[in-house]
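Engineer: Residues per chain are reported as follows:
2 protein chains.
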Amino acid sequence: MHNINWEALRGYCQKLLMTQGLSAEDAFLVADCLVDADLCGVESHGVSRMTIYLKRLETGVVNAKTQIEVEREHPASAALSACNSMGMVAAKRAVDLAVEKARESGCCIVTVRNSNHFGMASYYARSAAERDMLCICGTNAPPNIAPTGSSKSYVGTNPVCMSAPTHGAPIVLDMAPSVVAMGKVILAAKLGKSIPLGWALTADGKPTEDPNEGMKGTVVPIGGPKGYGLSLFMDIFSGVLSGAKFGPHLGNMWHDFTNPQDVGHFFIAVDISKLTDLETFKTRLEQMVGEIKALPRSEGVSEIFVPGEIEHNRKEARKANGIELSDVVYDELAALGERYGVKMDF
Amino acid sequence: MHNINWEALRGYCQKLLMTQGLSAEDAFLVADCLVDADLCGVESHGVSRMTIYLKRLETGVVNAKTQIEVEREHPASAALSACNSMGMVAAKRAVDLAVEKARESGCCIVTVRNSNHFGMASYYARSAAERDMLCICGTNAPPNIAPTGSSKSYVGTNPVCMSAPTHGAPIVLDMAPSVVAMGKVILAAKLGKSIPLGWALTADGKPTEDPNEGMKGTVVPIGGPKGYGLSLFMDIFSGVLSGAKFGPHLGNMWHDFTNPQDVGHFFIAVDISKLTDLETFKTRLEQMVGEIKALPRSEGVSEIFVPGEIEHNRKEARKANGIELSDVVYDELAALGERYGVKMDF
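Protein chains in written order, with my numbering: chain A, 16 to 361; chain B, 16 to 361.
Simulated from the structure, these hints should not be mistaken for lab results. Check each hint, because a few of them may be wrong.
It does not matter which identical chain is used: a pair holds within one copy or between any two.
What the hints assert, rightly or not - With a straight-line cut-off of 25 Å between C-alpha atoms, the simulated DSS-like cross-links for lysine-lysine are:
{"id": "1", "residue 1": "LYS80", "residue 2": "LYS358"}
{"id": "2", "residue 1": "LYS70", "residue 2": "LYS231"}
{"id": "3", "residue 1": "LYS167", "residue 2": "LYS308"}
{"id": "4", "residue 1": "LYS308", "residue 2": "LYS330"}
{"id": "5", "residue 1": "LYS221", "residue 2": "LYS308"}
{"id": "6", "residue 1": "LYS221", "residue 2": "LYS358"}
{"id": "7", "residue 1": "LYS205", "residue 2": "LYS330"}
{"id": "8", "residue 1": "LYS208", "residue 2": "LYS297"}
{"id": "9", "residue 1": "LYS231", "residue 2": "LYS205"}
{"id": "10", "residue 1": "LYS80", "residue 2": "LYS297"}
{"id": "11", "residue 1": "LYS231", "residue 2": "LYS308"}
{"id": "12", "residue 1": "LYS231", "residue 2": "LYS80"}
{"id": "13", "residue 1": "LYS167", "residue 2": "LYS297"}
{"id": "14", "residue 1": "LYS221", "residue 2": "LYS30"}
This is chain A alone, in the form it adopts within the complex (with noise of 0.2 Å):
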């Protein structure tokens, strides 16, 4: 384990992209995102993924200059085209639009097509409720999710993200429709730990303890029908809607450096303030908050926690007293210093 400073890691990771082509604000944001993700505790989408990022840009499968376009502009909505950019970016550009747009209208939904890897959706949710306004957003993913009734997969662990405001800290929920994200999978396979049965099924549907099986087939929904159908719908937002590929046609970020990926998102911004008091529904809110946490407590539980609650208070510490990095990820990042001629200075 190595402990690091969490402004320290954003730097370092912030000059690893630019060597490929990012401005230094698009690198930063990007930076800022994966490191943000190592702060809340969700690592398999943080600076682990550094090196397949670095590897499409390096590629050319991503563009790394950035290009938006808007398509299509009305009151309460618009749809980008991404033209092959960093997801993150695109992403940022998508929902500082979608509340722009919401503040005039009440309302607004921004699709993205021609996108890639957006990295964590609370990232953005938790943007916009800081601006004061509900959020719900989603994105696309390889097919790793098989529909009931058969077991290839067919959708992705497509997140289903809403955010909400209160004076404090945001409530966030971003959880895959599945009983875990693929990306913990992935992670368990790079660390070399096996996964729990009930995570992940093999490509003849059977359940599996081995990661590496469980990533070549597919993950377990939560719900059955039910978190194929949350699934299904953040594809149809994200993907049919935007006019970018869908379930297993999107391209894979792991395996193939040819074609784009044609990932969509979608972000829905809600103002608060055009349907109720602000700070009446604050107020509320945090009643709400403070009524949950006051339920009686189940045997061997501390706390009650509201989504998002864990993962702030993690930020919050970890933003103390600095980011555990496993040996297996802090070599990776020191290898990939090596290879684009960046000075890791941690």
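Based on the hints, put chain B in the right spot on chain A.
Structural biologist: Using the frame of chain A, we list chain B on its own:
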């Protein structure tokens, strides 16, 4: 069992509702929504609810005379008060307004406060899809899910509902964020049947097969904190945002005939044609559906379905062949006819 023609059933329910002061139009809508649930096979939200609806109208705890006030309105949002009118009538008015405003702006959210139980969420989402909209909608409901870490309920089995149009039947997801809706536990109790382990917990948080114990306790959320989080956000949109009651503050439909429930709902409509070509959207969605249905099937599976398809097929079959009402529900309806002086003509 009694085989009943769906239109005769709807007409009878409409007449019963009119005896309690509902207009012919409003009574038709409520009856249509209930019978639609029975047609779809969602008996928990069907005509088995007539007794409680009529009792609430008769006691005056629900207003029979519809009054809907638009409290705030912007190009892509509106906040309504249902003034304690019937939930179905308020919900239909709200989704219609969301569709109308989305047609102008691209997207619209409409909230409703001071409402009542609105039946099956998919009734409204489907109606939006039939007008070429994507829809996300929900409602809150009295508490029956315990936040993770407690065995005391705080949020309801608030449905998560989404719909999308095709050239044929819309795709409609309408799911409780629990393994089953409390309505299924209630129906099992009414029919004197036991429930499978894993559906519900007793008031002490213990698994139970007794639906009466389950009704006093909680139902199990899908994916643990994920189902709890989904339910919480449906209440944030439906209750906290709209200005309705939320969590355990909602009035109880079954036992409280003094205080209005003050239920909240929300409806987001997205005009597909503002974001992409509508025909392209439908063709792409149909491609997706076709590909899913053509996936290799697991052993013993004769067909793979998309969300809402099973309900749609049931509806077509029951329209043709009649609805099978249980003796319990049939006898309840007969008793209502006696009580309110309506001839039961089937």
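Engineer: Out of the numbered hints, which ones does the structure contradict?
Structural biologist: Hint check: 6, 8, 10, 12, 14 fail, others pass.
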